[in-house]
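Since chain A is already given, all that's left is putting chains B and C on it; use the hints.
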Amino acid sequence: MDVVITHDGRNWVIENDRLRLASPTLDELDVELARLMRARGMVKKGQVAKVFMGFDNATIPEWMRPFAQHYFNRVVEVRG
Amino acid sequence: MTSVNRKWYSGMATQEDWWAVYLGLFFFFLGLLSIAGVDLVGWAVYPTKWVFNVPEGGKGAISHAFYALGSKYSLTAKAFYKSLGWWSIIWTYVIFTIATCIGAASMKWDLKRFFIGWTIIYFLTIATWFIGHHAFFAANKTNWHQYGLNFALSLGGGASFILALIFGLIIGNFFKGFANYLSVAAKPEWYIKTAIVFLGVKVGYLPIKAAATSAKMGQQMASLTGHLFLAGAVATIVAYLIFWPGIYLIARKMFKLPRKTAAVLGSGISICGVSAAVATGGAVRAKPVVSIMVSALVVVWAVIELVVLPGFFTHIWPGTADPLVAGSAMGMAVKTDGADAAAGDLLDEFMRNKVTAETNGAVVWPEGVITTSAVMTKVWIDMFIGLWAFVLAMIWVYKIDRRPGETVQASEVWHRFPKFVLGYFAAWFIYLGIFFANGAGAPEGMHVLKAAKAGAVPVEKGFRKLFFMLTFMSLGIITDFSKLAEAKFGRMVWVYFVALFCFIIPVAIIIAYLFHHGMQIPNIAGQVAAG
Amino acid sequence: MAEKEAASTSTLAGGEYEAEDVLADAEPWEPIETKLVVWSFIIAGIVLVIGLFIVPTSVLH
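Residue numbers (the numbering used here), protein chains in the order written: chain A, 21 to 100; chain B, 264 to 794; chain C, 2 to 62.
If we strip away everything but chain A, and leave its shape as in the complex, we get (with noise of 0.2 Å):
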């Protein structure tokens, strides 16, 4: 699953066209991803499901996005 994760200056959020959530640590946001996928059945027990979370660069302020074009990408494995 693809989700863009950005930062609203309080919480780190993630959405894609099924879900949204935010939580101000990372820690926080993957407890809570991997709770609402298992609630929803996104992933079944003993299985594992890949969740690529896309840095939207647009949170980052017009004026340094000429420096640097890449925050980060990261993958979080999700357990049912």
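Among the hints, a few may not be true.
As the list claims (entries may be wrong) - Label pairs and their computed distance ranges (CB to CB):
1. C/Ile55 / B/Ile773: 15 to 21 Å
2. A/Glu82 / C/Ile55: 39 to 45 Å
3. B/Phe437 / A/Asp37: 47 to 53 Å
4. B/Ile567 / C/Leu53: 28 to 34 Å
5. C/Glu28 / B/Thr622: 56 to 62 Å
Said to hold, decoys possible - Calculated pairs, DSBU-like style, for lysine-lysine (alpha carbon to alpha carbon, straight line, at most 30 Å):
6. B/Lys371 / B/Lys270
7. C/Lys36 / B/Lys519
8. C/Lys36 / B/Lys662
9. A/Lys65 / B/Lys662
10. B/Lys516 / C/Lys36
Because the hints were derived from the structure by calculation, they are not lab data. Just so you know, even glycine gets a beta-carbon here, dropped at the ideal spot from N, CA and C.
Chains B and C in isolation, oriented as in the chain A frame:
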């Protein structure tokens, strides 16, 4: 609209980094056509020294203050380019306006504002170039009498750079509304990255130029640029691996900063400023605001370094005795590609004029070698930072944060790779290949090298200098010194100050000395006298 | 907190935080940081020594 680097080709149409490659290589290829006898770049505008009252038998008429470089170097259309004179300003404006507007449209900028901003910045730059080439600023004691002067500041082309920066800073700090309007077109990173691709033509062309004196000198120059390449690589890696932990220690132990802030500062204050701060911020999964705050500091401090260091290195230490130590140290000390390359070119102008004045014209260094030494270290660190960020990401994800299930992808290295260096190396190696493939200065290949020169000079001299000027002007426009006084930076301002002056600059000079001490720039005084 | 309505994801300006958000709450120094710093210096030293030998323009030549 989101902007995620998902695929290896993400951002190829929308990132300035890529557009520096396209713009740079497009004009590089236009220049290359001179080998086939087609001169399409001779219209490149270039200034020369002038005075209001030309002495009898002297030079410096205002009517010749701007000329098309093809009028000197073209082999096939010299008469046409000679007829352009000041009109070369308009030719250059029209062609670069089309090229940059295509880029701006592709990057989805406000095209109307870019066009107006670009036009204002271009003509301000040309006016500054003109003023800066008044003989009082630009002539030195070997030639000021030709302009009817008994004294001149001997700044060479450096005067124009300083004036462009000053004018830009006046706009940026006293006319903030106007500066904000121009900001759509005040793009120092785009202009300098394009200029660095043009610099690649310069580095490749240096042996061809030197070969006009002798084949041996051409080969010496090729060897010198190769040595700069190798020495720059090693010096940069050593410097970064000392800078980063040093700053990290200072920030953590002396200033009691949190881990992630210290890590981002460590990269930001080290060699490559904003790009490193962003790369490291992402690698250690810091909140983006950490990188934003560090970057806001970096851009202001970089301009302070740009103002202070070229004069310091030229007149205090190491001076003309070790010009490439100075250039290399500049690359390791000044943050951001724009400020570093600009500082390197300013140093180049200062050093060359100083050595010529000191020796009464007996020693003349070719333009651009010192700039190359400054940019070489910067290019290496731009590439290295991607690897370092990858290492930090693995340490943070697997050892420090230890978040279950998270993995770090190798593709991060590519996404952080500075694409403009591809254009720089391509331009360099292709001209170097032309040099070696045609006898490396041997008489039988000289006709090809002369044809190559006709297309290379307008690019490496005319376009490169113009884009350096645009960089200086744009840097000034976007630099707001009042940001330094903003209390929200808190201790970071002092970490930066202590780290830069007590650690980064001294260590940069020592490492540059270890790898570049004694490197000599070939003397082309004979060639200048003959030419 | 799951499925909490997120704030809009627009560009950050840098003013969203006070300095203390970035400068405060320094964690205690951990052994992994010592390792990171020391190994950086060690690798720098190794590259320096090798570099001084292989770079023809170094002070050793």
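Hint check:
no.	hint	in the structure
1	C/Ile55 / B/Ile773: 15 to 21 Å	holds, 19 Å
2	A/Glu82 / C/Ile55: 39 to 45 Å	holds, 43 Å
3	B/Phe437 / A/Asp37: 47 to 53 Å	holds, 48 Å
4	B/Ile567 / C/Leu53: 28 to 34 Å	holds, 32 Å
5	C/Glu28 / B/Thr622: 56 to 62 Å	holds, 58 Å
6	B/Lys371 / B/Lys270	holds, 20 Å
7	C/Lys36 / B/Lys519	holds, 19 Å
8	C/Lys36 / B/Lys662	holds, 11 Å
9	A/Lys65 / B/Lys662	holds, 28 Å
10	B/Lys516 / C/Lys36	holds, 15 Å
Of the numbered hints listed earlier, not one is contradicted by the structure.
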